[in-house]
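Asks: When you get a sec, could you build the whole thing from the sequences and use the hints?
One-letter residues, chain by chain:
Protein chains: 2
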Amino acid sequence: MQKVVTLKDVASVAGVSLATASRVINGHAGVSAQNRAKVEEAIRKLNYSPNAIARSLATGRTGTISLIIVQEDPIVPTTWSHELPIIQAIHDTVKTQNWELQITMCSYREFRQPSFLPHHLSRGTVDGVLILSAWLVERHVVAELKAKGLPFVIIGAHDPDYEAFCVEFDNTEAVRSLVKHLRSEGHETFALIGGAPDQLHMEARVQGFVSALQDCGLPIWNQLIEYGDWNVESGYALMQKLIQRKPRPTAVICGNDYLAVGAMQAIAESGLRIPEDIAVVGFDDTVVGRVTLPKLTTVRPPLTQLGRLGAERLVQELVGSAADGDRRVVLPCEVVIRASSKVQTNQTNQKEAYRP
Amino acid sequence: MQKVVTLKDVASVAGVSLATASRVINGHAGVSAQNRAKVEEAIRKLNYSPNAIARSLATGRTGTISLIIVQEDPIVPTTWSHELPIIQAIHDTVKTQNWELQITMCSYREFRQPSFLPHHLSRGTVDGVLILSAWLVERHVVAELKAKGLPFVIIGAHDPDYEAFCVEFDNTEAVRSLVKHLRSEGHETFALIGGAPDQLHMEARVQGFVSALQDCGLPIWNQLIEYGDWNVESGYALMQKLIQRKPRPTAVICGNDYLAVGAMQAIAESGLRIPEDIAVVGFDDTVVGRVTLPKLTTVRPPLTQLGRLGAERLVQELVGSAADGDRRVVLPCEVVIRASSKVQTNQTNQKEAYRP
DNA sequence: AGTATTATTGAAAGCGCTTACAGCATGAGT
DNA sequence: ACTCATGCTGTAAGCGCTTTCAATAATACT
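Quick note, the sequences are listed as chains A and B, same order.
Numbering of the first sequence is given in our numbering, commencing with residue 6 and proceeding in unit increments.
Numbering of the second sequence is given in our numbering, commencing with residue 6 and proceeding in unit increments.
Treat the hints as calculated values from the structure; they're not laboratory data.
Some hints could be false.
Where chains are identical, the list cannot tell them apart; a pair therefore holds if satisfied intra-copy or between any two copies.
Claimed, not checked - Heads up, simulated PhoX-like pairs for lysine-lysine below, C-alpha to C-alpha not over 20 Å straight-line:
| # | residue 1 | residue 2 |
| --- | --- | --- |
| 1 | Lys185 | Lys347 |
| 2 | Lys50 | Lys153 |
| 3 | Lys300 | Lys151 |
| 4 | Lys153 | Lys8 |
| 5 | Lys13 | Lys50 |
| 6 | Lys300 | Lys153 |
| 7 | Lys50 | Lys8 |
Replies: Here is the structure:
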């Protein structure tokens, strides 16, 4: 427990006042070159580094951003393939701009509790908030944040009134593209499976699904939507059900790659072929989709971009340079077509399996 | 930007002094029931919540723990399957004990730079540090932390002199168990593949590999160890090489499940059977190992326990209740035997595929 | 009744830093 | 020579909270 060096020590060693030393630390103008050098010398000699807490108290700014990661309840680590690139991007963006990141995780059940946010944020330890969620951010949460005067950005979701700045990716359009692709492969009977419909992703995808089918002029009555969990087991179980239906869907859009893998297992087991009898597509472009046989057609959401844009926006707001253009940014997804939805005409897909 | 309520406001509304109000907030004894009630009433009325920054400055404690996540360089999100349960456990443990978590990620290249840690931690914003790494934590890093008087715990790695408290899992023993299992299946020619040997995991596994083979009385000269990356592609490439070798290994231990998946693809492509011709085992028990055909034998490290124990230990140290028993905790891994290493004798493995 | 404890209380001194504000040179403008 | 900017510097007043210490009131003891 060594003696902690304070600005006062620096000032006295440099032979100047506290104020002058402080000015040098903060790079303020109006210090003679001579004194500046003396202070810098003292800082080096004493190995001084400023106490961020004291600075925060004096300035009212903390230089840290809170990232709240809202998760399923109960929390399942498996689903994280999605969040990780976003978090990484947020982290890098925030750090690059010299802010600290304070991360908290909670289930969406906790998050929506009226007492949760105040408890977490009233402490004066953060300047702004990033909310990473797949669920609607409810009105009272937005209201609480606004009441505190805390700038915030929602990533991956939005609030009911679109009052807050949010950045999302276009689930609806992604599914529409998928349907279009599958339609061009000749399919007429579709199914959509996914986790609980409380996630905004799912809601938007259902919308895209329905609207795309309508656009194609296909009858809606025999297009199926089934809900389960977001994992392999659920994909397997839901697919088993779908196989029994008449007419049997020939193209299945899965809410993520895990569901798709489960679905593929169920199809393979029933003796049907992929994609000849049933085409399967996933979502998220995780590594599992590259190790299945056949490889999985999937959707690659712009996760890194999502995180970066959200974080950049918050930082802009914090430094006061926020051009308030659109409050809602919706980024397009990329559809990655592989063998699970397309009858092969050459070896391309086969090769890709080993050098993705 | 509403008027921020301070303790002073509470005190004046309650008609008591600042000191008394503070005592009530902190649950100190020596306040009359009457005054306590008045203060509590005022707090409720004003919706007051204490400013953590000011409190930190006054007490010298911040109530936050820094988690430094050391990663590959460059950072590859794929490998995170490993870290995630640990982080989750750390988070939950820390939160449960009413501490805040501040997370920072960096590459191990950054981490070992002499200036990195001071820059990050000299700010007085954290009380203790958790280092999550797969690489050796070098002497100078330990020295810097000690010089600052900051308690810290290393999770997943250790320092060269075992001076710091660390919690790891037993890679060596895990590989030994794997070899023993494979030996009992009749294998005599082994191979070990993994990522770069700079990770402590790999080093320990090589040790276990060599020592186990010696214990079995098997000749070392034809037992192969190959290094690559930690991903599917690398597993594929390394396995292709191994298949050419004479004698050809009949059992391959892969550094993680992704490598194993790649290896399985290479084997399948060459027309060999798993596990009859070549047995494959992985590491980490990720979801990919459950979707391959055959399903993958793998090692399940006690990740949650690792995170929990490390965090608990740090918290103990911070509150001064640390019983200084062993500085090094090494947890055993669980070997999960599935079809990729064991010729099936019944349907158990088959069934497991759909309800893991 | 008188003294010794004990229980409550508030004034005030920080924690380490920033930032008006005022003071004092110095050089420029008239 | 006198006023006015201008540039640099230090004093001191906080930021919102904790905590020591002395003061006071209440109670116990001889």
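Asks: Classify it for me, Lys50 with Lys153: is the Cα-Cα distance of at most 20 Å met within a copy, between copies, both or neither?
Replies: between (42 Å within a copy, 16 Å between copies)
Asks: Between copies, within a copy, both or neither: which fits Lys300 and Lys151 at Cα up to 20 Å?
Replies: Neither, since 46 Å and 51 Å both go past 20 Å.
Asks: When Cα atoms must be at most 20 Å apart, do Lys50 and Lys8 count as within-copy, between-copy, both, or neither?
Replies: For Lys50 and Lys8, the Cα distance is within 20 Å only inside one copy (14 Å; across copies 42 Å).
Asks: Reference check for the pair Lys13 and Lys50, CA-CA at most 20 Å: within, between, both, or neither?
Replies: within (14 Å within a copy, 40 Å between copies)
Asks: One pair to classify: Lys185 and Lys347, alpha carbons no more than 20 Å apart. Within, between, both, or neither?
Replies: within (13 Å within a copy, 44 Å between copies)
Asks: Taking 20 Å as the upper bound on the Cα-Cα distance, should Lys300 and Lys153 be classified as within, between, both, or neither?
Replies: The answer is neither: 49 Å in one copy and 52 Å across copies each exceed 20 Å.
Asks: Are the CA atoms of Lys153 and Lys8 at most 20 Å apart within a copy, between copies, both, or neither?
Replies: Between copies, since 9 Å is at most 20 Å while 37 Å is not.
Going through the hint list in order, the structure does not satisfy hints 3, 6.
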